[in-house]
Amino acid sequence: MHDSHHDDHPDDDVAMRVRALEDLLVARGLVDRAAIDAFVDAYENRIGPRNGARVVARAWSDPGFRKRLLADAPRAIAELGLGGLQGEQLVVLENNDAVHNMVVCTLCSCYPWPVLGLPPVWYKSAPYRSRAVSDPRGVLREFGVEVPVDREVRIWDSSAEIRYMVLPQRPRGSDSLDEAALAALVTRDGMIGTALV
Amino acid sequence: MDGIHDMGGMHGFGPIEREKDEPPFHADWERRMLGISLAVPFVVPITDDHLRREVERIAPEPYLRMSYYERWLEAMVSLLEERGVADGSAAFGPAVAADAVPAAIAGGFPLRLPDKEGRAARFKPGQRVRGRNMHPDGHTRLPRYARGRVGTIETDLGVFGLPDANAAGRAPEPQHCYTVAFTLRELWGDSASAIDTLRLDLWDEYLEPA
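Order-wise, the sequence lines are chains A and B.
Taking this note's numbering, the leading residue of the first sequence gets 1, the next gets one more, and so forth.
Taking this note's numbering, the leading residue of the second sequence gets 1, the next gets one more, and so forth.
For reference, chain B alone in the conformation it holds in the complex (with noise of 0.2 Å):
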């Protein structure tokens, strides 16, 4: 989605602003959203994909406005609702106890997947690649700086499920990421430092042979 969240590049936004010795929260309702956040997904089948999906669903003028565990608050809230939650029409459960939240922590949520569970790799370390130019009205990790951009295929990350369709509710569609390296000058033209260089991971349908 061509959302204001897809920020690599833009200008305006002013200086950073960083705060000395900064807690992890601000406010005691920032404690309570982190927790509700971690919580849910352990009972509720929502992923990082379909929370990224709802955040970047927000318009740009209250995204830009709202905190960061606002957004949040937003996301799951319309999630909730999604699942049928929010009115009981739907069930789920039990809750993840107290005593077993170090574990899920330790735990967490692998993603990536056996290679035979994917297609096969349409890219080899070493092949220029070029980012596509797709705009798709979901979500998507292909930022726009990259799309039309040529790289180099640097790593085979192995298979990981597409997050555009996790997000979406469509079947799965297991498939490489790559690590692909730019140039700071193709990426941003003459102006940019010749010697620097970046880093995106990057799924296999996001690339075309360059």
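Looking at chain A on its own, in the form it has when it is part of the complex (with noise of 0.2 Å):
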């Protein structure tokens, strides 16, 4: 786990600091190496986009969730075992014919963590963080998706409290799938609007 063969990168000299950081706070007792490798594991390997797409599984094949989810999604993703760190807050917001969501942290990177783990390099990239809020359809284009003329693209720019997450309209023709066929046709980054689902 501590071992650091395969960082061929140049950034050494970081790899370096970061290992003379952990080794001080270790000696000073604020931290127990164990305890690093278990939030470690956490985000690589349990805590990531195939969560947020159980959910929006559940609320496409469920009603009453769906309404509970758009009500209040930290107490409805909690009846799928979901929440805690970077989503106390949580806001999901419903994609339909009228609307498509799109959410960018401008300032840094806000990212709702419970259902979607953490941000890909680009989510927190200058490229996407300046463009988005000034020309969410170029950005849009750019991932390959075209959002009608006449369809508002509403941006949240959440640099506040609240994690947002988007959830995407139900595929046409998907009808006959179980709620597992469904979670496999969710995206991350339908999820966070850069993509219909």
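No wet-lab data here; the hints were simulated from the structure.
All C-beta atoms, glycine included, are put in the ideal place defined by N, C-alpha and C.
Do not take every clue at face value.
[To be verified] 35 Å max Cα-Cα, derived DSBU-like pairs, lysine-lysine: (1) K124(A) - K67(A); (2) K124(B) - K124(A); (3) K67(A) - K124(B); (4) K67(A) - K116(B); (5) K20(B) - K124(A); (6) K67(A) - K20(B).
[To be verified] Here are some chain A residues pointing at chain B (derived, C-beta under 10 Å): (7) M16; (8) L24; (9) I47; (10) F65; (11) L85; (12) V104; (13) S125; (14) L185; (15) D189.
[Stated by the list, open to error] Which chain B residues face chain A? A few, computed with CB under 7 Å, are given here: (16) M1; (17) D2; (18) G8; (19) E22; (20) A39; (21) Y63; (22) V96; (23) M134; (24) R141; (25) L198.
Starting from the two chains in their separate frames, assemble the complex, guided by the hints.
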């Protein structure tokens, strides 16, 4: 776990400084290495966009759940055993024929961790943060998404304390699919709003 | 702070580069940095407001050159020095144990405060408001692009501590935070789409009646 032999990036210096910081914190009794392992394991192996996909599939399949999700997302996702850090104040935004929602954090990287995990590099990058708010349709086109001209694109700059997840529209022709098959259709980008599903 | 981090609306950063099947981490030190950043605040009084302030203090050139977790490293080291951890002058503990981590993640840090702990809301849903023309040199969550722009209060989200005060180490200033709706034309002018809009969550004192 604590072995950096595959770190042959030009950031060896950074890796050494992080190692030194960890050693100092362990020596001071402020950090337990096994706790670091546990946090990493959670976000590397358990908390990611498949969680959000389960939420979306449930909302598509169960109108009662969809209603609860849109009214009080933290309580609704708790029904699926989800919640916590960086999702304490979660709001779910529903796409429909009139509105396409898309989420950004222009100031840094706010993101709904319990449902989507850690944000991808592009979400935290200058090109996305700078243009998502001023040219959302141009950004969407870069992602291969063309939103009809008569449909409102609604950007959410989530730079305060609410974390936002998009509930994409259920794809046409998916009526016969069960919840697990529906979840397999849902992408991370669909829940950020940079993809349709 | 009018820093490089406040990127909304800037030009010149090029295309959005996406990695197919991107893994959560790109190096082992990123794993360790994430774990350190999550474990330390359970022991040392460090909040996201403090971390953001320190990230925003990084000068523009290094900020743009650094990777995301490298900025976290800079911010964390700087805060640990400020708290007296680095030189051992202050004692904190005990460390969060590995078996307490799942509960720590599940519990999180809920930030909404009871309404009675905040000052009275100055605005109501439906009201027209303008982002104040303010340029504090410390941390703020009023992006430059919303200053001087007129929008409509859509939702009163309840009371939250003002990040500007928290980050500066001032006494807490709990107050209402609102979702404010802006048209893209109001923010970016006539070349923006006429039907597209933006939502931004803003604290009470970032706003004035319009």
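> Does I47(A) pass the interface check with chain B, least Cβ-Cβ distance below 10 Å?
Replying inline: Given a least distance of 7 Å, the restraint on I47(A) holds.
> Do the numbers back the hint for M134(B), that is, is its least Cβ distance to chain A under 7 Å?
Replying inline: Hint on M134(B): violated, closest Cβ of chain A at ~15 Å, above 7 Å.
>> Interface hint check: F65(A), Cβ to nearest Cβ on chain B, cutoff 10 Å. Holds or violated?
In response: violated, 20 Å
>> Under 7 Å is the threshold here; is the Cβ of D2(B) close enough to any Cβ of chain A for the hint to stand?
In response: At 12 Å from the nearest chain A Cβ, D2(B) fails the 7 Å test, so the hint is violated.
>> Checking one constraint from the list: CA of K67(A) to CA of K20(B), max 35 Å. Satisfied?
In response: Between K67(A) and K20(B) the Cα gap is close to 34 Å, so the pair holds against 35 Å.
> Hey, K67(A) versus K124(B), does the alpha-carbon distance stay inside 35 Å?
Replying inline: With a Cα-Cα distance of about 25 Å, the restraint between K67(A) and K124(B) holds, given a limit of 35 Å.
> Does the alpha-carbon distance linking K124(A) and K67(A) stay inside the 35 Å limit?
Replying inline: holds, 31 Å
>> Quick check on D189(A) please, does its C-beta sit within 10 Å of some C-beta on chain B?
In response: holds, 9 Å
> Should the interface hint for M1(B) be scored as holding, given a Cβ-Cβ cut-off of 7 Å against chain A?
Replying inline: violated, 10 Å
>> The hint names E22(B) as touching chain A; please verify it with the least Cβ-Cβ distance against 7 Å.
In response: holds, 5 Å
> Against chain B, with CB atoms and a cut of 10 Å, does the hint on V104(A) hold up?
Replying inline: With a closest approach of 8 Å, the V104(A) hint holds.
>> Can you confirm whether the C-alpha distance between K20(B) and K124(A) stays at or below 35 Å?
In response: holds, 16 Å
The structure is inconsistent with the numbered hints 10, 14, 16, 17, 21 and 23, although it conforms to all the rest.
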